[in-house]
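S.K.: Given next are the chains, with one letter for each unit.
Number of protein chains: 2
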Amino acid sequence: MKQYLNLYKEELLNNVIPFWEKNSPDKVNGGYFTCLDQFGKVYDTDKFVWLQARQVWMFAMLYDQVKPNTEWLDLAKNGADFLIKHGRDKNGAFYFSLDQKGNPLVQPYNIFSDCFAAMAFAALNKVAPCEEYAEIALKTFENILERKDNPKGIYNKTFPGTRNLKSFALPMILSNLTLEMESLLDEDKVKSLVPGVIHEVMEVFLQEETGLILENVNVDGSFSDSYEGRLTSPGHAIEAMWFMLDLSQKYKDEDLCKKAIATGLRTLEYGWDKEYGGIYYFLDISGHPSEKLEWNQKLWWVHLETLVFLSKAYAITGNNECLQWFNKVHDYTWKHFKDPDSPEWFGYLDRYGKVQLPLKGGKWKGCFHVPRGLYQVWKNLEKIK
Amino acid sequence: MKQYLNLYKEELLNNVIPFWEKNSPDKVNGGYFTCLDQFGKVYDTDKFVWLQARQVWMFAMLYDQVKPNTEWLDLAKNGADFLIKHGRDKNGAFYFSLDQKGNPLVQPYNIFSDCFAAMAFAALNKVAPCEEYAEIALKTFENILERKDNPKGIYNKTFPGTRNLKSFALPMILSNLTLEMESLLDEDKVKSLVPGVIHEVMEVFLQEETGLILENVNVDGSFSDSYEGRLTSPGHAIEAMWFMLDLSQKYKDEDLCKKAIATGLRTLEYGWDKEYGGIYYFLDISGHPSEKLEWNQKLWWVHLETLVFLSKAYAITGNNECLQWFNKVHDYTWKHFKDPDSPEWFGYLDRYGKVQLPLKGGKWKGCFHVPRGLYQVWKNLEKIK
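Here the protein sequences come in this chain order: A and B. Quick note on the numbering used here: the first sequence kicks off at 4 and runs consecutively. Quick note on the numbering used here: the second sequence kicks off at 4 and runs consecutively.
Derived by calculation from the structure, the hints in this document are not laboratory data. Small disclaimer: the values here were computed from a predicted structure and weren't measured. Be a bit skeptical, because a hint or two may be false.
Since copy identity is lost for identical chains, a pair holds within one copy or between any two.
In silico EDC-like pairs for lysine to aspartate or glutamate, Cα to Cα no more than 20 Å straight-line [unchecked claim]: (1) Lys30 x Asp342; (2) Lys277 x Asp29; (3) Lys169 x Asp49; (4) Lys366 x Asp228; (5) Lys44 x Asp276; (6) Lys70 x Glu145; (7) Lys366 x Glu231; (8) Lys357 x Glu297; (9) Lys160 x Glu294; (10) Lys366 x Glu297; (11) Lys366 x Asp287; (12) Lys357 x Glu278; (13) Lys253 x Glu185; (14) Lys104 x Glu231; (15) Lys262 x Asp276.
Build the full structure now, drawing on both the sequences and the hints.
M.R.: Structural data, given as structure tokens:
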């Protein structure tokens, strides 16, 4: 596996990051364009807060972890300033999207804008400490914790009482966000949050019967035999497993480490398309037709997060199954997602591995999973002896 | 074209309708199961109000138009009774979905449950006149007209003022619903509504520059260069064109008839996949990557509504282009959507025409587009001399 170290590092630093540095800054209004075609040309100017915040995080993290390149820091600050000026409603909740100038377009109907904003301001505060950044990060984190039992708030369309589900996305993100926020939180706060989050991920959403993770369960943790309750997203589960591995290393929790690796591998076995290769986007755990029309598509982030999981698990344990799977997923990913004609990677393939949408960035794909994945794999490979 | 008359008629009466009669009634709780696998087995018991209402409409319409089969009437009443008992919130708005027993699951966050319910109760009232049916149909129709400027109500996630769009779906549905409701409405009411609806469809959403119909425009009718504003759905536009043809016949409006045929054919030319055949689900009018991951899939309703449009246009005008296109779309549709192994048709194909989801009914596919399409084509073919 280690032979790939330079491949991941160079792809990150010489291909992907320069693509975003060059094409995404909005020099007039601040913030970033993320709707970029195959060659980096802007085809839509809306600003999606998830992606604005994730890009702030990415450049702050690179400045912190790779090298103190002031251009990276300036780029991160450019996005943060735009979010400070335009990102929040009067309650401090981050909108879902803004127009090019920063006028709000879509209300804070879900909590993930807040999650990525908290992550962004915490990371930026680490490299450019500033009261405002720290305050926003902390206040937003508090908002998330307050909203976590009804994250959609007034935009929740579910009739109360009939079928109260909770979603895997929240504990899954919190398991990563809590560590990301560590520099700003009391140690006691972190210690009080982490075990609950691990419990939710590894004991509530992880179904004992199948060993797989469900996207939604009843509030009491039981299985809901409904479209939402039967939904699984292998990439989502595997991404959570590398968050669990990080926690297992920090807290020297070997059981958690073992369980996370077993769960990740089981999910990969389950989610792998035996006929055409690649990992499915969604599957119905009972084998019924999925509600999602895109269920059999192959998405970039699913594959990158899987490579992070496998390289991390291998670096920790030397597990041979992780090595075999890494090689298989690596081959598929580089063959199908990397664009030989232009920087950055494709995001959306059909079941057969053919490019479905020739974009490099859009409403959901920004400067995040490709560079974070490449960075993570690079760093994991460095740890292999 | 006329040689296909019996094919459509028999497929409707001997294949598709018996499938729903046999598999969908919930004899315990009332209403219909619509989540049916390839062989008609129920795989999910939730009840989606769009589909409940559409099935009521279908059986009432067949009883009215095909033959007074009391089993059909009873089946329609079974669905209507379930909706009367469980379908509405305290303001009389129809929920989006209910569980098997009728407990509400998802709030009335969009207006289309109301649209299909009004259509259902109006049709049922025609064949089984009853004050309650008539009242519900009328009251619901009034609700729709009241809600039409903000159809999502409190569930609207758009920030007011930045980019106020209106959606094609509403005038499009109203153009059909107004005729469906005719037996219950004053003639003056119909006459006051119809011109406005035709204007919206044919002059506001139909873009002069391209001759194509947009799914969303600014409230002042101008083009919005955004994901929503660039969105087109060829099947949706073509379906609306047969609604326009019906109106053109009723009001003896030859210009409308000509414009509807030209628009439908232009849309079909635009939406046809020249490489693999079939009609795309969504396209971006500027040729940018679609926001919709399912953009290049081939959906049953798109193809059936196109066959209705083409056969209707041909029956009215004898237009040769309609004949040519009918043959082409007919061949594609029967080859790919009809299931040779079990009744009813597949709904979801990938770009290449391969079945993507082996269901016969689900959250969005019920007893509606296949039987209505078969019925409509049959009746259009009867009119050809």
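S.K.: When Cα atoms must be at most 20 Å apart, do Lys169 and Asp49 count as within-copy, between-copy, both, or neither?
M.R.: Only across copies: Lys169 and Asp49 sit 18 Å apart there, 30 Å inside one copy, limit 20 Å.
S.K.: With identical chains treated as interchangeable, where does the CA-CA distance between Lys160 and Glu294 reach 20 Å or less: within a copy, between copies, both, or neither?
M.R.: within (18 Å within a copy, 23 Å between copies)
S.K.: One pair to classify: Lys253 and Glu185, alpha carbons no more than 20 Å apart. Within, between, both, or neither?
M.R.: within (12 Å within a copy, 70 Å between copies)
S.K.: For Lys44 and Asp276, with the copy left unspecified, which applies at a CA distance of at most 20 Å: within, between, both, or neither?
M.R.: Answer is neither: 33 Å inside a copy and 26 Å across each miss the 20 Å cutoff.
S.K.: What label fits Lys366 with Glu231 when the C-alpha limit is 20 Å: within, between, both, or neither?
M.R.: between (23 Å within a copy, 12 Å between copies)
S.K.: For Lys366 and Asp287, with the copy left unspecified, which applies at a CA distance of at most 20 Å: within, between, both, or neither?
M.R.: Classified as between; 14 Å across copies, 25 Å inside a copy.
S.K.: Could you figure out if Lys357 and Glu278 sit no more than 20 Å apart (CA to CA) within one copy, between two copies, both or neither?
M.R.: both (14 Å within a copy, 14 Å between copies)
S.K.: From the Cα coordinates, with 20 Å as the cut-off, is the pair Lys357 and Glu297 best called within, between, both, or neither?
M.R.: both (14 Å within a copy, 14 Å between copies)
S.K.: Give the relationship of Lys366 and Glu297 under a CA distance limit of 20 Å: within one copy only, between copies only, both, or neither.
M.R.: both (16 Å within a copy, 15 Å between copies)
S.K.: When no copy is named, should Lys277 and Asp29 be tagged within, between, both, or neither for a Cα gap of at most 20 Å?
M.R.: Answer is neither: 43 Å inside a copy and 37 Å across each miss the 20 Å cutoff.
S.K.: Have a look at Lys104 and Glu231 and pick one of within, between, both or neither, based on CA distance no larger than 20 Å.
M.R.: between (37 Å within a copy, 18 Å between copies)
S.K.: Which holds for Lys366 with Asp228 at a C-alpha limit of 20 Å: within a copy, between copies, both or neither?
M.R.: Close across copies (14 Å), not inside one copy (31 Å); limit 20 Å.
The structure fails to meet hints 1, 2, 5, 6 and 15 from the earlier list, while all remaining hints are met.
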